[in-house]
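**Q** Now for the letters of each chain:
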Amino acid sequence: MLSSHGEIRSFGDEKYKVVGTRPIRHDGTDKVTGRAVYGGDTRLPGMLYGQVLRSPHAHARIRSIDSSKAEALDGVKSVVTAADLPPTASDEMVDLGEGPARVKFMRDNILATDKVLYRGHAVAGVAATSPHIADEALSLIEVDYEVLPPVVTVLEAMKEGAPLIHEDLTTMELGEDTDKNSNIASHMQHTLGDVEQAMAGAHLTAEFEVHTSSVHQGYIEPQNATAFWNQDGMLTIWTSTQGAFTAQRQLGAILGVPVARIKVVPQEIGGGFGGKIPVYLEPVASLLSRQTGHPVKLIMSRADVFEATGPTPGSYIRVTMGVDSSGKLVAAEAYIAFEAGGYPGSPVFAAAMCVFACYDIPNCLVDFYDVVVNKPRSFAYRAPGSTHVAFAVEKVMDELAAKLGVDALELRIQNAATEGMRRSDGIVYPRIGCKECLEVARDHDHFKTPLEGPNRGRGVAVGYWFNIGFKSSVTASVNNDGSVNLVEGSTDIGGTRTSIAMQFAETLGLAAEDINPSVGDTSAIGYTDVTGGSRVTYATGWAAYEAAQDVKAQMLKRVAMVWEVEDDEVEFDDGVFRHKTDASKSLNFKELAAKLDDTGGPVVGNGSVDPAAGVGGSFCVNIVDLEVDPETGKVDILRFTAIQDAGKAIHPSYVEGQMQGGSVQGIGWGLNEEYFFTDEGRMANSSFLDYRIPTTLDLPMIDTVIVEVPNPGHPFGVRGVGEASIAPPPAAIACAIKNAVGAQLCVLPMRPDRILAALDEAGDRVSVAAG
Amino acid sequence: MVWIPSLMQKLTGGAEQVAVTGATVRQIINELEAAYPGFRARLVNEEEDRLRPDVAVAVDGEISNEGMRRKVGESSEVNFLPAMSGG
Amino acid sequence: MIERTLGDMGKIHVQCVINGDEKEFLCEARESLLEVLREGLGFTGTKEGCNDGNCGACSVTLDGVLVDSCLVLAVEVQGREITTVEGLAIADGLHPLQQKFLEHASLQCGICTPGFLVASKALLDQNPDPTEHQVRHWLAGNLCRCTGYDKIVRAVLDAAETVRS
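Protein chains in written order, with the working numbering: chain B, 1 to 771; chain W, 1 to 87; chain L, 1 to 165.
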């Protein structure tokens, strides 16, 4: 009970001293004593407090904004609107670090110009001497709206004659403008082989159609930003962000200021899951600071977080798959439509990459659509898009297994993706761990233990995330006591200072505790992309490895100098510098570090990487046991096991943490998380009371198995583990509910009322006498 | 060998794969443009002389971060695919 | 009996004890204890997650009773004793709960951690030998989005054992 160390199944044979151990994280004490400074904790002399006025309507034209009464209120220092942002060329693009974005849309999402596109859309910002005065001022700003009909679901928005959210938006088809005015921003397609012929020749096919609701990342720390625009023109931002450098670039684009004039200081961040990649408050705080000459702090309310920051899209998905008589998948077809929110750019592209990624299927057709609706601009949420499509595909796999009369897990193993397989989007797999994860599941005690009792069922599902590489930088300075100060550019959301430092320590034969890692601001470290895409331990860890190699090369020259021998006479082995032939000459790292002052001064190593090849995706398998209450439709999770390929777990406890956290987000998504919208397009549940994320009481322990199929593309075999774990839970739960009570659930979340309705449909509902 | 995205196969008369020679992705695109006029405009932002932001290129199954400068071997396989955007 | 006086700009004078030390401050009637702790007094270890009593990130104890400080008006703490996360560590080191949270890797982003620690201490103060279910029931008012709670629950059970011995 008390040990929190989960099981590890390793398929690699590398031996390490630091990698794979479980040291206490370097920033841990600050975080358990309350000393760690998060974005919202920022306090500066003369600081003002800001608030943002937001649209009460889902879709409206702004006729006019009159802020004169607000400006006249005692204590109010400034009011800003979109008119304070620079004018925008309509086709200007900027790269956020996880893909390109249109500047016009980014600016309009910060402060609306002509139209508001969702309830919660920012319209004006106020700075005052206290947050309460700023709040009062909001009520004095008069906005004249012409309310327009909203459209809030993807299928409704795709209909001919639907209200157009952007009158000038036309559907793009891979570089070709269809010139068709529509809410469909883009239609894309992946094809592999001949799906029509293969489907026609299939022994059996199964189809499943699903709808999923918008869900929120649900980080506990609200968005925040403090800005100070100095009189010399230098803008400094203190914020909780997943990427200081990408925030800097966004700010440069939105404010029309060169990045050289912007410094972003990443504070500790209270969760992100994709939602803290975009900036929201930072530009508003900046404008308010420029106007007042004071630092200005803004913090979102929880309702603002729900109504104005990126949920992950609602979706409509239809999947058909066919097998031959041996159970081999021969064809698969998917239609995927995602709600982008008010502006184009949903993660439907990622969904299309993931949809058939777990299986070897020679003939595929994937049609996918990015559709604007009157909801907050959608953003990434942990394995963006993969959870949606896994729900559909895994249900089809269970149906095929049932029709074939075979075990659903065995059918998955039979068809599992393996090295060399071509995916429907054209990517060819390097070494991956899909099959290994499925086989570990089959051999797991959980799977082998019979589940007994009425209304109980077991479900199995697999999900995938492709992971990203991208740019990372690390700088290492050797202290004369042999400790090392490590500055890295990745904001630390889950203990990555330590997983990065451990890779550095391993390379130089040091202990994790010898390294003092810190996260640098944009003026203190080389460019580093977002903490996202499961990339930090992989890519920034790799940069740390490169920085360690740089330190080692410099230290070898120093040891040659100390012994007054040639450079090529010395070597580094297992943490010790040795003379190749004279066994009497050896110095360990600490001893040599003490001699740096006399041999040329400081040793500073650098590492920068931008890995494109060898990223290596990660697969996660769930086994879930649950019980359905046929009277109320409530589901209780009885036992849950997550099995995921980590390549090599640098710090297994934090790998398990990622798996457990992703699993529980997936459970919440599957069972009770969703945005409720009124007919007017207003979110009706924008609080943690009504948007209910899982609590301690809703869950059992989350068992984990880390599967280590080393990634040949990384110095330590690492695969990012941050995301794949969220993909399979809703699917596994849906399969388990079907196995428990026969109810076929095709809408997320699988609320009690939907389960009762599905039970009615299945004809299995226990009739309960009234009274 | 270049895999032609299905939405661009109109340009190649329905051909799914086309054999083209070139030492870089840029040369491949120029060869394709010579054979199938209009191809380049679908993939390239001429003003910035780089791939359009909604297009990615994969060489031998791995997505490239070097865009049109990416070197291509004689037996390489090139895929153009929709880029992940805004995530 | 401490006399309450109106300070400048209609502010109210409040005296209380925070983490064992006497404190006094001026506040407006509408300000919450959370606001005064964070913005006024600099006890930023107490976090704001929702400001409406649903996430528990701002948990503190008031005369030993666990409360959400966002739901307490600052003027209500006149003459009372408050313990925040900053008051948990003892002179010669971390509280066993803090130590076990580190050992079990019970935090990822760490924003909910102060609230969980304060809430867990309130539990162990009244029940030093809780079952897993009692821990889960007690902590259901504290939300964590990163960990899935597994390692938090284990750390609390482990810390209880240390506290008992």
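Worth flagging that the hints you see were computed from the coordinates, not collected in a lab.
There may be inaccurate statements among the hints.
[Said to hold, decoys possible] Label pairs and their in silico Cβ distance ranges: (1) B:Arg754 to L:Leu71: 25 to 35 angstroms; (2) B:Arg35 to L:Val65: 46 to 56 angstroms; (3) B:Asn685 to L:Glu22: 38 to 48 angstroms; (4) B:Leu204 to L:Leu71: 53 to 63 angstroms; (5) B:Ala553 to L:Asp129: 48 to 58 angstroms.
Glycine included, C-beta positions come from ideal geometry on N, C-alpha and C.
**Q** Indicate whether the distance between the beta carbons of Asn685 of chain B and Glu22 of chain L respects the range 38 to 48 angstroms.
**A** Holds: the Cβ-Cβ distance is about 43 angstroms, inside 38 to 48 angstroms.
**Q** Cβ-Cβ distance between Leu204 of chain B and Leu71 of chain L: within 53 to 63 angstroms?
**A** 58 angstroms, holds
**Q** Tell me if the beta carbons of Arg35 of chain B and Val65 of chain L are separated by a distance inside 46 to 56 angstroms.
**A** 25 angstroms, violated
**Q** Measuring from beta carbon to beta carbon, are Arg754 of chain B and Leu71 of chain L in 25 to 35 angstroms?
**A** Holds, at about 33 angstroms.
**Q** With respect to the beta-carbon atoms only, verify the hint that Ala553 of chain B and Asp129 of chain L lie 48 to 58 angstroms apart.
**A** Check passed, 56 angstroms falls within 48 to 58 angstroms.
Checked against the numbered hints listed earlier, the structure breaks hint 2 alone; every other hint is satisfied.
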